[in-house]
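Protein chains: 2
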Amino acid sequence: MSMDVTFLGTGSAYPSPCRGASAVVFRTEGECWLFDCGEGTQTQFMKSQLRAGRITKIFITHLHGDHMFGLPGFLCTVSLQCSSTVTKQPVDIYGPVGLRDFVWRSLEISHSQLAFPYVVHELVPSEDQCPAEEFKDWSRTGIGDERIPADIQGRTVCEDPEGGSYTLFENDQFTVKAFKLFHRIPSFGFVIHEQERLGKLDVKKLRDFGIQPGPVCGKLKLGASVTLDNGQIVSPSDVLGDPIPGRKVCILGDCSGVISAEAARLCHEADVLVHEATLDDTQMDKAKEHGHSTPKMAAEFAGLCRARKLVLTHFSQRYKPAGMVGDGDEDVSVLKIQAEHHLVGRDVVLAEDFLTINIPIKKTD
Amino acid sequence: MSMDVTFLGTGSAYPSPCRGASAVVFRTEGECWLFDCGEGTQTQFMKSQLRAGRITKIFITHLHGDHMFGLPGFLCTVSLQCSSTVTKQPVDIYGPVGLRDFVWRSLEISHSQLAFPYVVHELVPSEDQCPAEEFKDWSRTGIGDERIPADIQGRTVCEDPEGGSYTLFENDQFTVKAFKLFHRIPSFGFVIHEQERLGKLDVKKLRDFGIQPGPVCGKLKLGASVTLDNGQIVSPSDVLGDPIPGRKVCILGDCSGVISAEAARLCHEADVLVHEATLDDTQMDKAKEHGHSTPKMAAEFAGLCRARKLVLTHFSQRYKPAGMVGDGDEDVSVLKIQAEHHLVGRDVVLAEDFLTINIPIKKTD
Ligand SMILES: [Zn+2]
Ligand SMILES: [Zn+2]
Ligand SMILES: [Zn+2]
Ligand SMILES: [Zn+2]
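The listed protein sequences correspond, in order, to chains R and H. Residues in the first sequence are numbered from 1 upward in steps of one, following this note's numbering. Residues in the second sequence are numbered from 1 upward in steps of one, following this note's numbering.
Hints listed in this document are in silico derivations from the structure and should not be mistaken for laboratory results. Just so you know, not all the hints are guaranteed correct.
If chains are identical, the list can't say which one is meant, so a pair holds when it fits in one copy or spans any two.
30 Å max Cα-Cα, derived BS3-like pairs, lysine-lysine [what the hints assert, rightly or not]:
1) Lys-47 - Lys-336
2) Lys-221 - Lys-363
3) Lys-309 - Lys-200
4) Lys-88 - Lys-286
5) Lys-47 - Lys-320
6) Lys-221 - Lys-205
7) Lys-363 - Lys-204
8) Lys-204 - Lys-309
9) Lys-362 - Lys-221
10) Lys-288 - Lys-336
11) Lys-88 - Lys-136
12) Lys-47 - Lys-286
13) Lys-88 - Lys-288
Bound conformation, chain R alone (with noise of 0.2 Å):
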């Protein structure tokens, strides 16, 4: 099954023609997610090769307009390219509390009727996510009755009673979960997990068993027991290779740091971990004044958790991709050099506009 991750914007605090803002979209047959909405998403979607109207989840990191004002826009394009005839199942939207009143209230006051609805499930973030001074409480201003049609009550999502982790989701592809960052407001990283799947037919075994190809071989191969003509009970685990373990792809929010070792746990060994270098290493203490991370930063937290990739993104506006600098401006190239570094061995790469990256299924050992 293939899988993949396109960036649409990779620049950090507004979108400019050289990077879009934040949005990354994650890709496997019958899904497609959205990570993030900047201003001007929709029209990086036209640009590229995939289709905002395929969209059947987004999830926001955090509420910074660089990251969710071309939110309202883009349900409303998506909106204006479905087929009447087709009824679009609602879209699922995670975020941080005030969400859904940003999107309803920005639906509302413009009068926007969606062709389908919308449900906005909201994570509840924590005091310890950052500096005290810019906390707020958007419990308090919930929207109380105010509605538009399309908005369909969404779940609050809480951190799980174990701690560290927020449990968006689970189905019979993904688990889907969240993790605290810290920044200039609370943010969140997402790990989406593949399902670990069966191992293949071990022929050698089959043959131990009697078993020819044919139906038998199916039914076990589906994970089901079988009684054999001799009465002997065959289940899966006898004649089936190791599980291929599922794939894992984490995208973080912008931070400079993680709140709980439980983060490190939840990316272990992923297979691409998404992580922003707003600034070089140079500019170690402003980015982290700001809440953001450098190459050094995010190639320390791969390691921590053992990524295959840590590709970086959300650069800061002066660091220009290598066909684009011009006298005067920075190279984005710098920041690779620097991750690598801090992270000998393992695979560092810059993300750029319109950047897919496959992820291959897994090879049991």
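Assemble the complex: chain R is given as a structure, and chain H with the ligands must be docked to it using the hints.
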């Protein structure tokens, strides 16, 4: 004094790579005003020769997303670009009731702290500006005492007592008024009228009074009366030629028509009349149903006003600019032909992104 109008977005409904969402900049020495601010306007500024930080006033024709979803991000980015040492004057924002709520809530939820204050002056629409079922009384959902520090209380602008116009402001250089349009939701047109200026000194008349070039001429030129050595009092009108009429620029929001005859009077002999033409004349029923105009409708209003130049904009994204017409695309030039058909002998221009139109000083006859 130079005066021009630049289009930063000429597309209807949503921004696309071919056409940005609505945004027009009016410029004259010392003034730079933005009319509408669809999503992506800040990026269009960066692609243009204009500087977003120079904008001192913003006018929003109506509250549809394609005309204002770019406003919060625009303000945030201008704020980031502000030098912290220069105190930026408050930015005046004019638009329908409800706009202030949208701006402050978007800034509040995103924890945006602007480096300059802004003042929203809200125009009170009336029920005749849209279909009855679309009219909402936003004044009831006022923001009460909730504020962010940058938000300064503005005026509530009601229709002038004589009816048909709203006076937004008047200074030495300009009078700016608004008038009502019919659309899916209440929409407005804006008229920028330059003040009439004193004529030039008439050399022959000066000679008749025996006035020599020098300080006396200077006083008369500035509009002051002088007493000559022989006791004779000379007033400026005695020696100045005809006054130079002020230029007039009219920028209309989305509409399928105006509400009162006063609109044509306000726009009388406009040097530039910017009018939407969302669909071509073969789609007139559909255009009207959605509260929009076609070239014929725009041309008829321009003819009524005796406008000197009609500029069409807000094109459905189906009409591609001349250079971007691919197989199966519709060419926007058909809209120009249709308008010219109904406005014989007058100038019709199709707006396109980054087009600038100069408005020369008027000549006295
Ligand atoms: Zn950011
Ligand atoms: Zn941020
Ligand atoms: Zn519009
Ligand atoms: Zn409209």
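Hints, verified against the model:
In this homomeric assembly, Lys-47 and Lys-336 come within 30 Å of each other (Cα to Cα) both inside a single copy, at 26 Å, and across copies, at 28 Å. In this assembly of identical chains, Lys-221 and Lys-363 lie within 30 Å of each other by CA distance solely inside one copy; the values are 18 Å within and 88 Å between copies. For the identical chains of this complex, Lys-309 and Lys-200 are intra-copy neighbours only, at 27 Å inside a copy versus 73 Å across copies, given an alpha-carbon limit of 30 Å. In the homo-oligomer, the alpha carbons of Lys-88 and Lys-286 lie at most 30 Å apart only across protomers (25 Å), although the nearest pairing inside one protomer, at 45 Å, exceeds that limit.
For the homomeric pair Lys-47 and Lys-320, the shortest alpha-carbon distances inside one copy (19 Å) and between copies (15 Å) are both at most 30 Å. With identical chains, the CA atoms of Lys-221 and Lys-205 are at most 30 Å apart within one copy only, with a shortest distance of 13 Å there and 107 Å across copies. Proximity of Lys-363 to Lys-204 under the C-alpha cut-off of 30 Å is restricted to the intra-copy arrangement: shortest distance 19 Å within a copy versus 97 Å between copies. Taking the closest pair of Cα atoms, Lys-204 and Lys-309 never come within 30 Å of each other, the shortest separation being 36 Å inside a single copy and 84 Å across copies.
Taking the shortest Cα distances, Lys-362 and Lys-221 sit within 30 Å of each other inside one copy (18 Å), while across copies they are farther apart (85 Å). Taking the shortest Cα distances, Lys-288 and Lys-336 sit within 30 Å of each other inside one copy (19 Å), while across copies they are farther apart (55 Å). In the homo-oligomer, the alpha carbons of Lys-88 and Lys-136 lie at most 30 Å apart only across protomers (28 Å), although the nearest pairing inside one protomer, at 35 Å, exceeds that limit. Only between protomers do Lys-47 and Lys-286 lie at most 30 Å apart by alpha-carbon distance; the minimum there is 29 Å, versus 34 Å within a single protomer.
When the C-alpha separation of Lys-88 and Lys-288 is checked against a cutoff of 30 Å, the pair qualifies only between copies, where the shortest distance is 28 Å, while the shortest distance within a copy is 42 Å.
The structure is inconsistent with hint 8 alone, although it conforms to all the rest.
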